[in-house]
Structure formats: structure tokens, C-alpha cells
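Asker: Position chains B and C relative to chain A; hints supplied.
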Amino acid sequence: MPKEFKRGKLAPLPSNVLIPERDLDKSPILECRRLGIDFGGLRAVDDLDLTIGRTEIAGLIGPNGAGKTTVFNLLTKVYNPTRGSILLDGTDTAGKTTVQVNRMGIARTFQNIRLFHNQSVLDNVLIGLHNSMTCSLASSILRLPSYWKNEKIARERAMEYLSLFGLESHANELAGSLPYGAQRRLEIARALATNPSLLLLDEPAAGMNPSETAELMENIVRIRDTFQIAVLLIEHDMNLVMGICEGICVLNFGKVIAKGSPEQIRENPAVIEAYLGRKGVAEA
Amino acid sequence: MGFLGFLISGISLGSIYAIIALGYTMVYGIAKMLNFAHGDVIMVGAYICFFAVSKYHLPPLVGVLAAMAVCTALGIVIEKLAYKPLRQATSLAVLITAIGVSYFLQNAALLLWTSSPKVFSNPFIRQTVNEAGKKIKITGFQLFDGQLRISYVTVVTIVVCLVIMAALVLFTGKTKMGKAMRACSEDKGAAQLMGINVDTTISVTFAIGSGLAAIAGVLLCSAYPTLVPTTGSMPGIKAFTAAVFGGIGSIPGALLGGLLLGIIEIMAKAYISTQMSDAVVFLVLILVLLVKPAGLLGKKVREKV
Amino acid sequence: MMNRNKNFGRNLLTFAVVIAAYAILQPMVLAGSVSATLKGMLVPICAYVAMALSLNLTVGVLGELSLGHAGFMSVGAFAGATTAIALQQAVASAPLRLAIALAVAAVFAALVGFLIGIPVLRLNGDYLAIVTLAFGEIIKSIFNNLYLGLDDRGFHVSLLEDRTGLAEEGRMIIAGPMGIGNIPKIASFTGGFILILLCLAVIFNLVNSRQGRAVMAIRDNRIAAESVGIPVTKYKMMAFVISAAMAGAAGALFSLNYSTVVANKFDFNTSILILVFVVFGGLGNMLGSVIAAAALTILPEALRSFSNYRMLIYAIVLILVMLATNNPTLKMLIGRTIPKRKGAAESA
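Residue numbers (my numbering), protein chains in the order written: chain A, 1 to 284; chain B, 285 to 589; chain C, 590 to 937.
Pulled out of the complex, with its shape left as it was, chain A reads as follows (with noise of 0.2 angstroms):
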């Protein structure tokens, strides 16, 4: 583990809470109150309490199929929950949609890749920018001076958020062109370009290989130290969350089964029965 992502301890906090020392004197900007939605007759994800620091870098892991991505889908209103609540900010986002919500300030990524494939790697970040954008259909048909102002300013901000991630030299490739690594790294840049206070991480690090990962998790915390953010990220390289996450979830049959630091999670028996099973857990 790179020596700079040792982060200084936490403080001891509620057992239900995760939000870090430095985030204790505000209000979270995430709430999740008894959480769940159901599928037919399958309880998806069920009872979920989930509190996240304005600055905070949150994991939520859990073995596959534990309802890890239907709760970044609660959270950005792909579904809709069957009860409980979602308080952005300290507002509800009931009744709002996908959309809305991106605009409350939750922005994502996904698990498979979902990139504006023929599009261009600029463009793709220039989508992002759409709503800080304000040029009206009118004067970018008609090419009055602000579609110019406008189109200049959101070209520099966009190749700032490329050169974030190392991805400046690419712009005008076709962003279905770039190797896998660097499409994860476009769509975390397009996510933030929709200024989000709370960024939806999934799986961000899968496929790539371990030097690419560590520059991953640099970036990250960057990107919450620059932007003052906070980032939810699902991962399975342990490597990655107990690295980078100040507090982590863990999931299991769509249930939190423990919440804590890095430390905690790791020696959780419930957690290590979940991952490994009861037989690894008399073994170990």
C-alpha cells in the first residue's frame, strides 16, 4: 500500500455512522434511512441506514450479487425505492428523477462502461458540462456571441478535467477507441464534470492492472481534495477501498452487515464469513 494513503485515524464514531473526524462539525450530504427496494418478491436491498461526510471517501463492498449497484441505482433514481428515504443535503429526492438528481449533485459512474462510445474523448466531457452550460437553442443556431463564450469556456474547463487524468493528448480520439483503463478514468472525468458534491464510484478499478490502480486511488483522493467532494465507491480490490476509504459498508443478500473504518471491517467476523464462508472462517 502506497505510504501516502495512510490517512490519520479516525475518530471513534457511532457504530452506524461513517462519517470521518473532519466532517463531524457539518451535516452529512448523504442520508439513507431504512433503505430497500424490492424486485417481485426479492427483497434487492432491505433496511439500509447509510451516512456519508461531505468530505468523506466511502466503500461499500460485499460479495457479488450483494445489491451493491442497486443502491447506486436508489441513490441516482434509476430506481425508485420501495421504502424509506434519501436525504441529499438534508432534502429528500423523493419524486425526483435521474436527472434531477445528477443536478441535487450526485453524479456516477458505471460498472460496464457506459461512454458516448462515438463521440469524441472531449465530447464526452463536454456532455458532462451541459448544464453548466447556458446557451439557448436559439443562439447556438444562430451562432450569437454567447454559443462563442460559452463553447470557449466549456472547451477549457473540459480539457482540464481530461488533464486531471492524464487524458489531455487524447481528446479527440473517439472515446470507444481508448483501452479500458483509460474509458474508466473518462467516465470518472465526465462524472465530475457535472459538478457533483457526491460521486457514485462503480468498480471504478476493475480491469486494470496494479500500477494503474494506484494511480487510481491517488487520483481519487485528489479529486476529493481539490473539488472538496465526497466519493462512494464499490470496489472488490481490497487493496483500493481498504486503502483509500475512510469508512466502509459491507453488504451481504442485499443487508448491511457492518459498517466501520478499514480496521474494524477487516478483523469483522461477519465480514470475513460473508466473503470467505463458514468453512474459511474455522480455517482462518
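Computed cross-link-like contacts, DSSO-like style, restricted to lysine-lysine with a CA-CA straight-line distance of at most 27 angstroms:
| hint | chain 1 | residue 1 | chain 2 | residue 2 |
| --- | --- | --- | --- | --- |
| 1 | B | K576 | A | K96 |
| 2 | C | K823 | A | K152 |
| 3 | B | K316 | C | K920 |
| 4 | C | K823 | B | K576 |
| 5 | B | K368 | C | K920 |
| 6 | A | K96 | B | K583 |
| 7 | B | K368 | B | K316 |
| 8 | A | K96 | C | K823 |
| 9 | A | K149 | C | K823 |
| 10 | B | K316 | B | K463 |
| 11 | C | K920 | B | K364 |
| 12 | B | K553 | C | K854 |
| 13 | C | K854 | B | K402 |
| 14 | C | K920 | B | K472 |
One side only, chain C facing chain B, incomplete, derived with CB under 8 angstroms:
| hint | residue |
| --- | --- |
| 15 | Y716 |
| 16 | N734 |
| 17 | L912 |
Beyond 10 angstroms from chain C on every Cβ pair, some chain B residues (computed):
| hint | residue |
| --- | --- |
| 18 | V346 |
| 19 | V413 |
| 20 | E415 |
| 21 | V439 |
| 22 | G462 |
Because the hints were derived from the structure by calculation, they are not lab data. Where a beta carbon is used, it is the ideal one built from N, C-alpha and C, also for glycine.
Answerer: Below, chains B and C without anything else, positioned relative to chain A:
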């Protein structure tokens, strides 16, 4: 009695729509594509039967079987040549291709058989001798002292439709191939992993749908005897409407949607306006898709994110 | 970073081709050195080119198939012809009257596009396509049964049968299945040329703007577009309405070139013909649409013997183009025989 008469013609027309809708609904359920050319397969079936009966003087039943054989083969060939290479393509590309196939069939028919209408001879008649000793053709029977006339075609159409429905429900429920079809419509990848040959299953689906289209073509032209190369396109589109109405992918849905649409069309013709009846039918499609996009008996499918 | 958009060269070429065609043909028309057949076809060609551009906006840029595009053309044709007839006395200048008729037609078609779009654009893919087809047929049915008359008391409308009750000196404008007769033939090649330039400018400027990128984002990945805060229905509607407006103007240009126009001219076959132009020219490729629409309108006239086989060949072309551009194996084969252009990414 007017209303009852309209209702019976509506059910009869609806039965034909239901048989055509089966082809759409099965293909849509399994291949997830709108086979735009399905209506034109109907037209081909009707032409084959027409030529078999009028030109080669074969018995009508042989004509129907010949039509079924040709259409089944045609369905498989279309699938293999035009649709199979596009399994991974976008639905836009597949739909445009299907429209191309539809136009190909129509224009090939136009060149082969010209645009002059063929008058389809109704095979469902009875010949008797009247009091004056002349041979006459009886096309139907009368009820309630002649107030209600029902033609034999109507009865045959309804019976054939019900038999086909029952057979298909049994086929998909009980046979191995039927189960394979249902598996493919749920999840092609998983079906393949279970050892189901997806390509064969899709081919069989096209074969069944096209064979049924031939029957529908013969029934359609027995009831409405003018046969031209574009005969199939409008009933085809309406039958797709029926399939959507009933819930795409559902066999009972095709029956229900077909019957309702047939009745709506005949009632619109009778009580609103002949010229506007098509508009009414399409308005039904639009309303259904807005109010209940999954159709009456369909299941809502979630897009995986 | 240059501020010029990445398609600049290609767009410029498209304009150049259109302007060159006009610059060559117009003096020939004025000098009378163009055959009567070709001269008669210039305006329909312009109308078809504008239709192809309009449909390419829906299919190529928005990524949804409209099978009822002839319906918008029909709305434009009827609205434009009605306007031209109604303004016959009020506006003396024919070019001005043409411009007004085209503008009115565009507005009407845009309005119809908006109304149709409300239900249609909630759907996706095949369902959207079939519902546009349904609307195309409904529009045709309505115009086939619409009666519109004008007298000094104003416009009179009735549906299904003539109940307009016109005054003696009144004029029947739309006569149900007979359509509109005695249309002033004010459409001109120059008018069509300007319409094409306008369509091109609107499409190119849209594509390289915030709004156009949003539209293409929805086409490429609807879920991702929503996740970055792009309201899907709004931008689908925007593209659809612009496309409908263009089709309306094209329809008006078309109808003002003939003395009569009937609703059955704008049926499903016309929608498919336009689709053939778009597919043949390449989805999203505006230059391709211009050339395909022009060439495929002239060719059947030039080669009379070919006209019997025209639709058959179009059908085969439609299938082959789709197979060649969408089948991975065929794509690779083609890629091997034709060396890939350098910098394909920039021009895509």
C-alpha cells in the same frame, strides 16, 4: 341484428389478425426484433395458394399446404440471410433491414405477378342445386330467419384460429423446442449455456410464424378476395398493433389483442366512418402504448443498468 | 485548442457541393440549355434533399426511426399551399409569398411534430418507429377527409364531408380526397436552394452545440445521458420538432411546384423513399443525404427502363447497406479491402 353481425365479422377479422400477430409476437419475444416483412410473407402465401388452386387446379387444402411450405422456407431464408448477421446490431439497423426485406418481397411480387389484382376464389363454399335446377354456390348460412348471415369463411377462420392458439400454447408449454423458445426469450445467453441451440430456436420460431402467416394469408384472401402485392402490408401493421395491444411476447395476448382490434376496426367502419377506420385502429395503438406500454397481458421489462 | 469544430472541413465541403450545383445549374436554366424534364425536376429534387436532411436529423443524429416523415411533409404541403392561395391577392411578390408559405408550413409541421412528439418520444426503438408510422397514416386519413374553404367570412373547416357552407364567391381550398387544386406554382429552384442551405446550416450548427451534443448523447447511451443530467425527452423533442419543421418546409416547396396536391402522395411509400435516401447516403452523413436524394431522384428519370426495378433495387440496397455497416464480419472484410482513412476519429 346489425350489431351482432358486425361483432361476428369483427371476431372473424380479429382471428386473422391474431394468427398474424402470433408471428410478430413470437419473433419479437425471441429475436427482440420487429419483423416488418411478416405482412408480406402473408401476401406470398396467398399468391402461392392462389396459383396452386386457379392455375394448377389443385384442391384448396393442397394449396394451403403448398403455401405453408413455401412461406416456412421463405421465413427461414429471410432470417438466415438478412437478420442473423445483425444479431448484435442496433435495433435501428435491424428494423431498417426488415423494412428493406418487406419492400423486396412487395416489389419482387410486383415484378413476378404484376399489380393487376387477382380475384381469390373462396374455397369455403357449398354447391347445391336450387329449385329451378341451376347450380348455385352457397357461401354461408342464415340464422334468425335470415336476419343474420354468417359465411363459412367466418366460421372456419374462427375455428382455425382457436385450434392454432391451443396448439401453440401446448407446443410452447410441453415440448422441448417450446421450452427452448421460452428460455431464449428470457435470456439468450443463459439458454445457450444450458445447451440450447439459439440459432436453431430462432429459425424454428421464424418457420412457425411464417407457416402461420400462410394460413392467415389464405383466410384473409378468402374473406377479402382481392389479391395485390401490397395486400399483406396493412394487415401486417395492424396485426403488429394487435400484438402490442395484447402484450408483445404473449401468445394469449396475441389472441386477445387480435380479436379486440378486429372488433374495433369493424365497429369503427360501421359506426364512425369507413375512410377513418384505419386512423381509429392506429389511435388505439397509440393509446395502448401510452397507457399500458407492456400491453394487456405483457410483462414489464426492466433495463439493466 | 482551436475553437473550430471538428467537422468543419466536411461541413464546408457539403456547402461547397450544394453551392456549386446551384452555380452550374442556375445559369443553364436561365440560358434554357437544360432539358424540360430536368428543369421540371429541380424543385422536387430540392424538396427531397431537404426531406432527406430532415429525416437524417431524426435517424442519424437523434437515432430514432421515423416512419411517418411523409406526414410532416403532408402537413407542410397543405399548410404551404393554403397559405399561398390565401395570400394570392395580399402579397404580390411571388418569392416573398413562397418564403411566407414555407415559414407557415414549417411552423405548422413543427406544431404537429410537437403534439405527436408528446406521446411518441416517451417510447424507444421499434415502438417509436411504429407509432410514427401510425401517425403518418392518421395524418393521411385526416387530410383525405378534410374540407377547407375560404370566403370573405374567413376559413371554414369540416371533416368527413363538405359542410363548409361557403358563400357563392368563396373558394374551396382542400377538397377531401381531391386535395388542393389550382395551386399557384411559385416554387423556384432558387427557393429550394436557399431552403437546403438553411437546413444544412441549422443541422450543422445544432450538431456542434450544447444542444446537439445532448441529442447525440441520448442516441449513444440514454442511461448515461440521464446520469449526467440531460433531460432526455426535452432534447429528443427539440430534434424531432426541428426535423418536422424542415419536413414541413420541404413539403410546402414540393406542393407549390404542382398545380394539385393530394394526401395520398405523402404515404408510407414516400416515407420509405426518404429513408432509402438517408440510408444510402449514410446515417448522420448530410453530404451523403444531399447526393443520394438528388441522384436517386434523377436516376429513375434518366434510365426509364430502370424504373420498373427501382424499388426492388432500393430494397436490396437498403438490406446490403445495413448488413455491410452493422455486421462485424462484413465490416472487417470491408475494412481490409478499403484502407482506413487516417484520423477517422476526427471526421466521425
